[in-house]
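Colleague: Residue strings, one per chain:
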Amino acid sequence: MTLRPLLLLLGVALGSLGGCAEADEGEVVLEFWAMGAEGEKVQPLIERFEAEHPGIRVEVQQQPWTSVHEKLLTAFAGRSTPDVSQFGNTWVAEMQALGALEDLTPYVHRSEAVDEGDYFGGIWDTNVIDGRLWGVPWYVDTRILFYRTDLFAEAGYDAMPTTWDGWLEAMRAVQAVQPDGGYPILLPVNEFEPPLILGLNTAELLRDGGRYGNFASPAFREAFAFYVGLYREGLAPATSGTEISNLYQEFDRGRFASTITGPWNIGEFQRRLTEHPDDWGTAPIPGPTAGTPGVSVAGGASLVIFEASEHKAEAWELVEFLSRPEVQIEFNRLTGDLPPRASAWEASGLADDRYARAFFEQLGRVRPTPKIPEQERIAQTIRTYGEAAARGQMTIDEALAALDADVDRILEKRRWLLDREAEG
Amino acid sequence: MSTVTHTDEDLATTLGPPAAPVSAPRRTDPGRTDPGRGWRPSLPESAASRAALFFIAPSLLVIGAFFFLPVAAALALSLTDFDLYALADPGTARFVGLKNYVELAGDPDFWQALRNTAYFVVVGGPLSVAVSLGAALLVSSKLTRWKGLWRTVFFAPVVTTLVAVAVVWRYLYNAEYGLLNSALGAVGIEGVDWLGDPAWAMPAIIGLAVWKNFGYNMIIFVAGLAGVPEELYEAAELDGAGWWARFRHITVPELAPTFLFVGVITMIGYFQLFAEPYVMTEGGPLRATVSVVYLMYEEGFKWWNLGYASAVAFVLFALMMVGTLIQLRLQRSDP
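So the sequences go chain by chain: A and B. Residues 1 to 424 (our numbering) make up the first sequence, in order. Residues 1001 to 1335 (our numbering) make up the second sequence, in order.
In case anyone wonders, no lab produced these hints; they're calculated from the structure. Please note: incorrect hints may appear among the correct ones.
Within a straight-line C-alpha distance of at most 27 Å, the following computed DSSO-like cross-link-like pairs (lysine-lysine) qualify [claimed, not checked]:
| hint | chain 1 | residue 1 | chain 2 | residue 2 |
| --- | --- | --- | --- | --- |
| 1 | B | 1212 | B | 1147 |
| 2 | A | 413 | B | 1099 |
| 3 | A | 71 | A | 312 |
| 4 | A | 71 | B | 1302 |
| 5 | B | 1142 | B | 1212 |
| 6 | B | 1302 | A | 413 |
Here are a few chain B residues that sit away from chain A, every Cβ distance over 10 Å (derived from the structure) [as the list claims (entries may be wrong)]:
| hint | residue |
| --- | --- |
| 7 | 1053 |
| 8 | 1074 |
| 9 | 1118 |
| 10 | 1141 |
| 11 | 1144 |
| 12 | 1160 |
| 13 | 1180 |
| 14 | 1223 |
| 15 | 1328 |
We put the beta carbon where it would ideally sit given N, CA and C, even for glycine.
Chain B on its own, in the form it takes in the complex:
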């Protein structure tokens, strides 16, 4: 493909479908003066929306029954003290208003879980994205041979079962016989009790999570990189730009939409940290690896405090919402 066709396409998309907005009959609607919304289908609006409703009704029903209803029920549950006793006799569930949320705000366990989760998201998330990008650059490089093989190898951890992987990683992390400490010992660094030391357990979990997940984002980055026009690099190279300058001024801006997608998806995924501590540490040592979702699981399914657990769920939802909005805002203001 040449530079000329590229510009042609661009031109075509900017112009849009010719003349349609102007020729369509304009409805006189005093509330709507937005000039961009001139185009209307030929059906009368009420009939059109009825037809649309008819087509989306099945999906709406399913979403309503299996998504909105449970969410509403959970919200209601979070305003009660539904617990083990209520499981036996629903009559013992009490409406407590926002008490669960107030108690949550004063629960050191919850703050600890929140700190742990924040640690995991703030350190693990960017690390995971960076590793994914690095791997994507490597497997996309012109110098790399057997690209397909490498992509498969790097993607393999994503599709393996976490529990099986965790067993192996527990051996790697073993304080005395683990491969990791042996390797450190070989270069003269004293080993660490990875899963037993409260200070190192979360880094150990992050290590596993990054290794397990980077392949997925790598594939997305590979797709993003494939969309960066080669001629930009050629032009930059002719202008004397080095590897770093090309990366900084071409790759990164061209990948901006990919970054947004990967960032949001990774953040949402990392906020939901659960399986890794569940199989590796059971939240220990000293609750250093209890995440918000793990706390929710404990409250809900270990202690059967469903009301409290639902409150945890909604707080987590709110946090993820805020996190996503912040990311959208940050990335939008990026040049």
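Isolated chain A, as found in the complex:
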């Protein structure tokens, strides 16, 4: 009696599962997951692709960035991954460890459209694990300095210094010319990128082949102390991004004179700085010393093909299409995302753009975060202790010791697996 409606439900569920991927005779349907703005704006390119490939229909599924990571893992566990997906390149290691991704190395070897030499090396590298390629960069992302050129000029700096010492001096000088209560730099304490980027400049984040955290090392401590010092000295406010309701207004008013952020803000600054529309610029991250140019984090999104896909050849055609320089230029116009290929930068004039130029320069000096599945969690842990130290709840050494302890605990399983592998 109770079972009958249940069985009925089950039948309906199974029936709908079967009906999911129905298509016309001979037509291949690709399921393509794209996130946020990309998912919204990629449609015109998809239509062009479909016009070129009459046998293929692409279903774009728009996913929110905040939950897509969980969704991908759940999809893998439930064996319902899409054919192609946009993919934060820091997730590649995780999904590769799961065996969820298709090895793209042979595809690229055969391909004429995807030419490794044309891509930014540091970005390409984020997709390479154990010498195999698991994703093709779709757009690139890194973090650089955005700053009020007029305030820096008033303080005596016509260009952003290139060393940390010079940078610190410049910030102190800027604070003197800022309106009262102003901060020379805004580094929201809820973002993991600033401490991570500074750390990438001086240290390896992990040691012993990714077995242990390397955060209490003098090399990482130098970067961490620099980061925390900005708050202790009052050069940066110890606030989270959610506390600032309108970054652009604060920038316009001169309350903040610089920040470390990503390429999407070029468009935002152009649109939303109304009082000082021309008094801002971008600059690469300064380096710890004069001999070591600053590096930033290799971010962005790749296109991956899932191992479980039944239409890998067609999926690769889509990846190739989206990797064409002229399509990438079009994509940049639609979204503002920066292309991963140097030829696209040059052909579109982006490389000479007043604001994008600094990104071009920085993209030549980007470093990937450790390519292990635990990286996302490690980055969050860095943020947690960075915030605690910035807010003055822990000393630098306490925070770093705790960070190491947490990261070592996160890596316990990895150590066990590596040791087991080593034993054969």
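Since chain A is already given, all that's left is putting chain B on it; use the hints.
Modeller: Leaving out everything else, chain B in the frame of chain A:
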């Protein structure tokens, strides 16, 4: 209805079905001497229980398959280190005994989540019940007009989608442009960064949760209030009892069973705090709004540490169990 019928009914229930216990044949069972259990159905016991089993079997099967089995599986999972690697290759899951529970006991994140949840339950729960009772009294009052309208209005937040509500509340709580801070500013109080300040984020979440949920308990209280005999108030009023005395000595004791139900349901619900911080603060600032369920979600679905997450789930279950038992005991000992 008059006082007389009321007493009649009472009398009838106390007497119970006449004579049945005595006339039924008493089975000689040395283990059972309880005089109250004399009544037996006319079927032999084995046949009766077989029939009963037959009738409840479908439900038992369903409950077994969809409740007990998953719970047992989760309990087993909590004794392993099932994680992302095990998702790829189940062979890498290790049996770790109680290690997850031991680690949990030493995990500052867990204690923080527990403190946050306790804060939410201890402050938010009673506040929510008090607001519900207040609203119920208002909409039940003889002086209130358009009772149906008010009930609907107060109940509306319960049936709205939390995510939509949270978006609006985020605007209300906005430090600079929010309605709440503007209102405070109008009376000369300096505003607070509600969702950005670790000290104020939880009160802000409690505010939203109480507003969102009080309507449900209000309806239960309204039903409870309708059951309080009017003549008790009349009698008390004749004896010169004021509003507070009537509330204290009639309303509260008469509502005792309602209080128990509302208290337990609210506590269980509030222990499971999740959606509010998920949409409002993502657990921040400084993890001030991470609840136990949020921690479980993070461990389970963000980091895919299913073993550890299952341990969190069982600890939460134990805590809620203890909380419920304490409430039952407290309310039973109440006069």
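Colleague: Hints first: check each against the structure and report whether it holds.
Modeller: A quick look at each hint next to the structure:
1. B:1212 - B:1147: With a Cα-Cα distance of about 20 Å, the restraint between residue 1212 (chain B) and residue 1147 (chain B) holds, given a limit of 27 Å.
2. A:413 - B:1099: holds, 14 Å
3. A:71 - A:312: Within the cut-off at roughly 21 Å; holds.
4. A:71 - B:1302: Roughly 9 Å between the alpha carbons, so the hint for residue 71 (chain A) and residue 1302 (chain B) holds.
5. B:1142 - B:1212: holds, 26 Å
6. B:1302 - A:413: Since the Cα atoms of residue 1302 (chain B) and residue 413 (chain A) sit roughly 17 Å apart, the hinted pair holds (cutoff 27 Å).
7. 1053: holds, 15 Å
8. 1074: holds, 15 Å
9. 1118: holds, 21 Å
10. 1141: Per Cβ check, residue 1141 (chain B) is outside 10 Å of chain A; nearest 41 Å; holds.
11. 1144: holds, 40 Å
12. 1160: holds, 21 Å
13. 1180: holds, 13 Å
14. 1223: For residue 1223 (chain B), whose nearest Cβ neighbour in chain A is about 29 Å away, the distance exceeds 10 Å, so it holds.
15. 1328: Check passes; 30 Å lies beyond 10 Å.
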